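One letter stands for each residue in the lines below.
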Amino acid sequence: MEIPNVADKWSSGVNEITLGATKDKGGTRTKTITIGGSKCVPFMDFEGNPGHKPIIAMDVCDVPPDDWPETLSKPFADVLNDPAQWAKKCVEQYGADMICLKLDGIHPDKGNKSAEQAVKTVKSVLAAVGVPLIIWGCEQDEKDNEVMPKVSQAAKGENCLMGIVSQNSYKTLTATCLADGHSLITMAPVDINIGKQINILVSEMDFPLNRIVMFQSTGALGYGLEYTYSIQERERLAALTGDKMMAMPVICDVGREAWRAKEAKSGDSEAPQWGSREERGPMWETITAVSLLQSGVDIIRMQHPKAVAAVKKCIDRLY
Amino acid sequence: MLSIAERINGMFKDVREAIKNKDPKAIRELAIKQTEAGASFLDVNVGTATADPAGAMKWLIEVIQDTVKTPIAIDSQKFDVLKAGLSVIKNEVLINSSKGDPEELDKYMTIAKEYNASLMCLTMDKCGIPQDVERRMEIAMTIVEKAVEHEFDLSKIYIDPVLFPINVDQKQPALMFDIFNQIKMISDPPPHRNVGLSNFSQGTKEKKLLARIFLTMGISYGLDAAVMDVLDKDLMDAAITAEIIMNQHVYSDSYLTACRK
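Chains as they are written, first to last, in the numbering used here: chain A, 232 to 550; chain B, 21 to 281.
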């Protein structure tokens, strides 16, 4: 008996975006990264071109994080006070494809750093590494709208991926990114309808669709992963069937979310039955990342080097 | 929704005059307006007034192709007019239309394949237009069988069950819904399901309302293409909204804006 071919045919695909700009394109990056381009459901390359491999962006904070458990901060203990060296370590030692510079320190409650200080940090990281940069604000609209335009101007020409914009606050950063040649992250709070809406709003400002990356607030393993998964899966299916407002590559914030889980950060004495936290924490982050990869993700933000290595290995084996 | 824009038709006075005087202005305007309104195809029909329908078809298509890139639907019952039209086609094209007799389908599928065209097939044959669901489905089956025989991509076949005007036979519209459903199941992928929407409401006093309601009801049963007045914004928005209700697109507050693009 002949086995029927049940492969689906897809009429469309995910947009391709190149991030970073080398010298000849007006930037100073030593390499660029292209993401997206998938024309099939993740890992089903018999249905179409799987596009570019998902890539890993390692988080670097502008201020030493005060809520990281020891397991997570230990590999970075020597660089936590120096974002430039921290970024360098992520790229050179841990193989980060990109750096996600998180400007937590500008938040009014977490240091309230000025735009000038943020610009200085961004410049130092740009000088320290050659990979493309994601620059992520503090997620307090007022402060982001004050600081991010200055950061954007300082990195003009580098084609960074800037974020995040939401339905309630998108005009300032969208206009700035448009002017300075950056790409943009649009955010929705685990809501596919709002995810589409923010893309429409941004595109109505003439921001090109092929410079947008979508972000649905990530849920970690045990903390809503399945909600994020099913929304991202639906977004990917919409992209494959020709919805232009859902055809953007997707970014996930796995590192931060996974390490907020008590299962990842609790000490050995608190939960002896859960096994060593040196293994448990990175494993929590790895499983979150690998699970979400199946839903259709193009950039994964991660934190622990062990988890990064495991997920990279997994991606290489599946692609 | 695949909307086949009906306005470039020699039955309309402005188009008839344009053909007669070889004046491209009105044609260009209609091509642009219908494209901006979201037409998937621009239907081109030379009407009956011209002495040289093949020449008129070529001229119309050339004028349109010089103006917009929207795919064209060549609408003619005359094979030589169709061939003349195909000879100048540059982009994607739909042949509108073949009847459902096996020998007609052979002829049209052969030429459609030659030009990589999509093909509209009517569920009517030399016995006329069937009045019931069963006979229409028999012809639909013949169309699909022929497509398989010709190795014709079924997603490029449009089946039109020939919708009668409501003021001619009021029993007919409701039969269509069953037919759309059945055609949807006939193969994988299924052929498209099409109707001539303006024909359905012609000569009535509530032309636009009838067209709009039939279209939305049809979409809920699997109608996915129509020869229609794309310049009727309410009609286009109703189609988009029906598709949203049927979960064919992801909802967002600005879904009309998103789908109109």
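Fair warning: there could be bad hints in the mix.
Derived DSS-like pairs (lysine-lysine); straight-line CA-CA distance at most 25 Å [unchecked claim]:
{"no.": "1", "chain 1": "B", "residue 1": "K78", "chain 2": "A", "residue 2": "K240"}
{"no.": "2", "chain 1": "A", "residue 1": "K475", "chain 2": "B", "residue 2": "K119"}
{"no.": "3", "chain 1": "A", "residue 1": "K493", "chain 2": "A", "residue 2": "K284"}
{"no.": "4", "chain 1": "A", "residue 1": "K475", "chain 2": "B", "residue 2": "K133"}
{"no.": "5", "chain 1": "B", "residue 1": "K78", "chain 2": "A", "residue 2": "K475"}
{"no.": "6", "chain 1": "B", "residue 1": "K119", "chain 2": "A", "residue 2": "K240"}
{"no.": "7", "chain 1": "B", "residue 1": "K228", "chain 2": "B", "residue 2": "K176"}
{"no.": "8", "chain 1": "B", "residue 1": "K253", "chain 2": "A", "residue 2": "K270"}
{"no.": "9", "chain 1": "A", "residue 1": "K319", "chain 2": "A", "residue 2": "K354"}
{"no.": "10", "chain 1": "A", "residue 1": "K240", "chain 2": "B", "residue 2": "K253"}
{"no.": "11", "chain 1": "B", "residue 1": "K119", "chain 2": "B", "residue 2": "K53"}
{"no.": "12", "chain 1": "B", "residue 1": "K53", "chain 2": "A", "residue 2": "K475"}
{"no.": "13", "chain 1": "A", "residue 1": "K319", "chain 2": "A", "residue 2": "K402"}
Hints in this document: simulated from the structure, not taken from any laboratory. No experiment lies behind these values; they were computed from the predicted model shown.
Going down the list of hints, with the structure as the test:
1. Distance hint between B:K78 and A:K240 is unfulfilled; the C-alpha atoms sit about 35 Å from each other, more than 25 Å.
2. Restraint check for A:K475 and B:K119: not satisfied, since their Cα atoms lie roughly 36 Å apart, outside the 25 Å limit.
3. Note on A:K493 and A:K284: the hinted pairing is violated, with a Cα-Cα distance of about 31 Å set against a maximum of 25 Å.
4. Under the criterion of a C-alpha separation no larger than 25 Å, the hint pairing A:K475 with B:K133 is inconsistent with the structure, at around 30 Å.
5. This hinted pair does not check out: B:K78 and A:K475 have alpha carbons roughly 34 Å apart, beyond 25 Å.
6. Restraint check for B:K119 and A:K240: not satisfied, since their Cα atoms lie roughly 29 Å apart, outside the 25 Å limit.
7. Note on B:K228 and B:K176: the hinted pairing is violated, with a Cα-Cα distance of about 29 Å set against a maximum of 25 Å.
8. Simply put, B:K253 and A:K270 have alpha-carbon atoms about 33 Å apart, too far for the 25 Å limit, and the pair is violated.
9. The straight-line distance between the Cα atoms of A:K319 and A:K354 is roughly 13 Å, inside the 25 Å bound, and the hint therefore holds.
10. The hinted pair formed by A:K240 and B:K253 fails the criterion: a straight-line CA distance of about 32 Å is larger than 25 Å.
11. Between B:K119 and B:K53 the alpha-carbon distance is near 31 Å, which puts this suggested pair outside the 25 Å criterion.
12. Between the alpha carbons of B:K53 and A:K475 the distance comes to roughly 22 Å, so the proposed pair stays at or under 25 Å and holds.
13. Straight-line distance between C-alpha atoms of A:K319 and A:K402 comes to about 33 Å, which puts the hinted pair past the 25 Å bound.
Taken one by one, the earlier hints fail for this structure at numbers 1, 2, 3, 4, 5, 6, 7, 8, 10, 11, 13, listed in ascending order.
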